[in-house]
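Protein chains in written order, with this note's numbering: chain A, 6 to 117; chain B, 1236 to 1343.
The set of hints was computed from the structure by calculation and includes no laboratory data.
Glycine included, every Cβ here is placed at the ideal spot set by N, Cα and C.
Be careful, since some hints might not be right.
Sample of chain B residues facing chain A (criterion: CB under 8 Å; computed from the structure) [to be verified]:
| # | residue |
| --- | --- |
| 1 | 1330 |
| 2 | 1331 |
| 3 | 1334 |
Chain by chain, the residues run as shown.
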Amino acid sequence: NAGVTQTPKFRILKIGQSMTLQCAQDMNHNYMYWYRQDPGMGLKLIYYSVGAGITDKGEVPNGYNVSRSTTEDFPLRLELAAPSQTSVYFCASSYSSGGELFFGEGSRLTVL
Amino acid sequence: RKEVEQDPGPFNVPEGATVAFNCTYSNSASQSFFWYRQDCRKEPKLLMSVYSSGNEDGRFTAQLNRASQYISLLIRDSKLSDSATYLCVVNNFNKFYFGSGTKLNVKP
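Next comes chain B alone, as it looks inside the complex (with noise of 0.2 Å):
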């Protein structure tokens, strides 16, 4: 079973929309939990970290669900320049294990 599992996408949206990502992740004992964002042929960059209660950055919020063992990305107002690879990334006790990612295309 895989640590960490994205729906790969692509997500194809109008800019100025509304867009949510999901991940789940198989280790319970997993201690913190990330996005991170990954352009062509670039190395991925973090957007966020994501805690229980929920945080938010600008457009773009995340949140963790412990129990479901669950955890999500909504952006707000779509981009032009949101357009990426999202990557769902999650630790393990000094291990860091990453989803396949999620495509985004925002179009004009």
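Okay, chain A solo, but in the shape it has when bound (with noise of 0.2 Å):
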């Protein structure tokens, strides 16, 4: 098992472009979420998810979308980049609600 695959592992971004971080997990987890993480800080709940085709929002949405057609695999969009949307950004699934978070290796993200 891969377990939570990213991709990609870096990007730089213009102010304005936008892109997309793929995450996929191959341990059939229902429970998908997208975290940031800024330098010295804890993790911020960005957005997700309780099995295909539903989401919500987490604790800092403005700025990204996500979508969940298949269990696998829970891509966050950025639309518009800022240099505020610079950050390490986690995947994480679990098997159930309150499980054990198995997490990707990160992309870290700079918007010049």
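Mind docking these for me? Both chains are given alone in their own frames, and the hints should help you get the complex.
As structure tokens, this is what we get:
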């Protein structure tokens, strides 16, 4: 099992550009999450999903969109990138609500 | 008010020391509780779940006080390899909230 796979690992964007961070898991987990982590800070929840076709906002959803068309994939879309979106983005999945979170290795995004 | 608050540290301790981390959470309806470990520039990984009765895993002991909304982690006989950031995590209705982390440096 690959676990949770995120791509790309690194990306530099110009202000106003858009991009999609990909996340895939092969553990058949229903619950998936996107977090961002700024330097020296904890993780902030952007969006989450409790199953295919169901998504909901977390603590910091502005400037992002998600979709969950399959159990395996949970892409995060950044529209009109801004310097404030420079961060490390982590995707995670869980078998159950309140169960262990399994993280991808992270995607480091810089917006210049 | 933050969902989860932790002392950021850093805690600088010698090898063999005992060190304790604390965290508080704001939502009394929170359902499950965890400590995660994060190494520099890596993803967080589960260290242990935290139960009301308290639980132990080798040198690590976690405690939960629901009345005070307080979670603790005790590390005994610290090793150099314990140097990391320790994240307190609370689950509310499908959402996991993370504290900002407490940094531990174990020195030879």
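Q: Closer than 8 Å between Cβ atoms is the bar; does residue 1334 of chain B clear it against chain A? Give me holds or violated.
A: With Cβ-Cβ at 5 Å, under 8 Å, it holds.
**Q.** Proposed interface contact between residue 1330 of chain B and chain A, which counts if any beta carbon pair is under 8 Å
**A.** At about 6 Å, which falls below the 8 Å cut-off, the nearest Cβ of chain A leaves the hint on residue 1330 of chain B intact, so it holds.
Q) Under the criterion of a CB-CB separation shorter than 8 Å, is residue 1331 of chain B in contact with chain A as hinted? A) It holds, given that the least Cβ distance between residue 1331 of chain B and chain A is near 6 Å, below 8 Å.
In summary, the structure agrees with every hint in the numbered list given earlier.
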